[in-house]
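Line by line, the protein sequences give chains A and B. 82 is the number that our numbering gives to position 91 of the first sequence; each next residue is one higher, with no gaps. 110 is the number that our numbering gives to position 105 of the second sequence; each next residue is one higher, with no gaps.
To be clear, the hints were calculated from the coordinates, so they are not data collected in a lab. A quick note: this is a predicted structure, and the numbers were derived from the prediction, not measured. Be aware that one or more of the hints could be misleading.
Facing chain A, a subset of chain B residues (Cβ under 7 Å, in silico) [unchecked claim]:
| hint | residue |
| --- | --- |
| 1 | G48 |
| 2 | F51 |
| 3 | N105 |
All C-beta atoms in this analysis are idealised placements derived from N, C-alpha and C, irrespective of residue type, glycine included.
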Amino acid sequence: DVKVTQSSRYLVKRTGEKVFLECVQDMDHENMFWYRQDPGLGLRLIYFSYDVKMKEKGDIPEGYSVSREKKERFSLILESASTNQTSMYLCAAGLAIRKLFFGSGTQLSVL
Amino acid sequence: DQQVKQNSPSLSVQEGRISILNCDYTNSMFDYFLWYKKYPAEGPTFLISISSIKDKNEDGRFTVFLNKSAKHLSLHIVPSQPGDSAVYFCAAPDTGSQGNLIFGKGTKLSVKP
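The shape of chain A in the complex, shown without the other chains (with noise of 0.2 Å):
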């Protein structure tokens, strides 16, 4: 199974922070995802990339950038944070979007 490996568990920024989460997957698969999760909303999908330098906004991408320079990671920029940004943000990765693989999640607070 493929390794989705998130940067930081747990997060703590100020308003107006900028706020980079890190993300790396070990098995060389195109596709990888951001959601975040909030409670009675289920996961939302914030910007996916299906190749380097490529990238696809998802349902809620404002406020949100993100990167991805090598194959293996996936870079999700908050430029100003926000209190309504404190959330569960997940990464996934997959070859195709009928698996994909998660990994365990940055929650973030901003205060």
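The hints should help you fit chain B onto chain A, whose structure is shown.
This is chain B only, laid out in the frame that chain A set:
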């Protein structure tokens, strides 16, 4: 507008009994459905899937049933075990975007010993 709906936020079942988790969808073009399981502080893990050309798929204690005419699928866990306590998400590949999985809001299953 939710295309994948899980209308029960929670379900409590006794150990050894059957757990039935339900999912409804609105898009008849969905051709594949997946169930993911998520423990607290962990990422979701793939559990089982079903193609729209089938009406049943079984894997050990887990069976997914698909009723296309009703746009409804269900996950059956028999027998339920305390370790099955988790949040279960139903999902389908978005027909409008090659890279998107549309998730339901999840059902939290509690299996009591």
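Here is what the structure says about each hint:
The closest approach between the C-beta of B/G48 and any C-beta of chain A is roughly 3 Å, which is under the 7 Å cut-off, so the hint is satisfied. A cut of 7 Å between beta carbons decides the hint on B/F51: the least distance to chain A is about 5 Å, and the hint holds. The closest approach between the C-beta of B/N105 and any C-beta of chain A is roughly 5 Å, which is under the 7 Å cut-off, so the hint is satisfied.
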